[in-house]
Amino acid sequence: MSNIPAELRYTKSHEWVRKNDDGTLTIGISDHAQELLGDLVFVDPPEVGTTFGEGDDCAVVESVKAASDVYCPIAGEVTAINEDLADAPETINADPYGDGWIFTIKPEDDDAFMELMDADAYGEMVAEEDH
Amino acid sequence: MGLHTPLYDAHIEQGGKMVDFGGWDMPINYGSQIEEHHQVRRDAGMFDVSHMTIVDLTGERVKDFLRKLLANNVDRLKESGKALYSCMLNEQGGVIDDLIVYYMHDSWFRMVVNAATREKDLAWINKQAGAFDVNVNVRDDLAMIAAQGPHARDKVHQVLGAEAKALDGIGIFFMRETGQLAVARTGYTGEDGYEIMIPAAEAKSYWDKFLHAGIKPCGLGARDTLRLEAGMNLYGTDMDESTSPLESGLGWTIGWEPAERDFIGRKALEAQKAAGQNKKLVGLLLEGKGVLRNHQKVVIDGLGEGEITSGSFSPTLGKAIAFARVPGEASDHCQVDMRGKLMAAKIVKPPFVRQGKACV
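If you read the protein sequences in the order shown, they are chains A and B.
When we follow our numbering, the leftmost residue of the first sequence carries the number 1, and every step to the right adds one.
When we follow our numbering, the leftmost residue of the second sequence carries the number 1, and every step to the right adds one.
Keep in mind that the hints were calculated from the coordinates and are not lab data.
We treat Cβ as the ideally placed atom computed from N, Cα and C, and that holds for glycine.
Heads up, a few of these hints could be off.
Simulated restraints, written as ranges between beta carbons of each label pair [said to hold, decoys possible]:
1. B:L303 x A:K19: 49 to 57 Å
2. A:E83 x B:P150: 54 to 62 Å
3. A:P5 x B:D168: 54 to 62 Å
Which chain B residues face chain A? A few, computed with CB under 8 Å, are given here [what the hints assert, rightly or not]:
4. N29
5. Q33
6. L220
7. G221
8. R227
9. G290
10. S312
11. F313
12. L317
13. H333
14. Q335
15. R339
Chain A on its own, in the form it takes in the complex (with noise of 0.2 Å):
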């Protein structure tokens, strides 16, 4: 099984989402994502400075196995990325939810964070989706 926290929210893409304090949205590949994908050999950040809409495809991660588009959450602007993955792609593999994030957003509606499903909701579309 899985490990999905309960604070973070997800999409049905396999994003995580973490509210940040100072307002900003940090998002990487769930576990389930990650084990899917198998090692991770490459990832393709967007840039930092530019505005995505909701559901835009913004980085790619690619596996000794598949390519796989992220798509952005929420809109808003790139506000930081992930810079270690460039050496480090295995680190989404080892660590999804810590070291393993992608890239951080500015979203242009605060409260579309609270839209996204929580652990609760993604756990059941991942268990339907084993089955």
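With chain A fixed as given, assemble chain B onto it according to the hints.
What follows is chain B alone, placed relative to chain A:
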């Protein structure tokens, strides 16, 4: 549910992530495919290859039969136990399968063919065998473990104890029998090692002993990146019945001499050779970031297009590598259509890695 090898329970015990492979439930990895890859390049790993089909061919005219059946020439096999890699072709020169054939003695050869091609291979072999009174005996009573890596043979010898004596001085691409085992110094990784045929009932016991000796289980994922780095083709991906060995980087496996040996597919290959080969299989090394994937389009300036047949990430080189079928005149540089962007790649001659060392 798919077919299970005698080592299925061992895979589950060791946390193997099981996937369907040609109808068999096989481990793709036991955690990390990349760690398993490095384990084989740097130390010793083992693969369950029991799904592959072992066939014993016996009879007075078995050699004549194989001279006809195989594109490579079994007359090259002079010493007992010696192995030969060959394609088995159809009349059009297309590859029905690739295989290893071992010469045991003049009336006994052993062949190992792929798992996914089992039924069509056996049908083809049986169809040709009739005219030569050759007996075709499928050895489903045998399991097979491939122990590969720079330290694999030492560790296998430790496990075998006194039975390892029979393996003293065994040459590369030779098989020897010891006790209940047939041990061949062959593999599909570009490293030294053994492929060991074991009575099915004993397979789990040997697997556990190898594990205890430090030979770590590795899945089909690592097997694929290891063979790609080693420049070895995968049947069904890099070649099939619609492609000839000449178009598949396997020209070296065709036994042209003697000219009177009339193997199946010979006429078609000769015609292709005379007409000039318009396609070839090459290695690609991606210059930038990203991973090359099967079926990506390859663009060669002025010559046209080709296609990646096997693409992946090379854990040893830290770069993407591939085999691609391209126009015959292609050389040096090309571009690969990766998710709509043309990315530069170098055309190289495989292997990419041998015995742990980069070759490109």
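Here's how the hints hold up against the structure:
1. B:L303 x A:K19: 49 to 57 Å: holds, 54 Å
2. A:E83 x B:P150: 54 to 62 Å: For B:P150 against A:E83, whose Cβ atoms are near 36 Å apart, the range 54 to 62 Å is violated.
3. A:P5 x B:D168: 54 to 62 Å: holds, 57 Å
4. N29: holds, 7 Å
5. Q33: holds, 5 Å
6. L220: violated, 11 Å
7. G221: B:G221 check passes; min Cβ-Cβ to chain A is 7 Å, inside 8 Å.
8. R227: violated, 14 Å
9. G290: holds, 6 Å
10. S312: holds, 6 Å
11. F313: Since chain A brings a Cβ to about 4 Å from B:F313, closer than 8 Å, the hint holds.
12. L317: Constraint on B:L317 not satisfied, violated at 11 Å.
13. H333: Given a least distance of 22 Å, the restraint on B:H333 is violated.
14. Q335: violated, 18 Å
15. R339: Hint on B:R339: holds, closest Cβ of chain A at ~7 Å, below 8 Å.
The structure does not agree with the numbered hints 2, 6, 8, 12, 13 and 14 stated previously, though it agrees with the rest.
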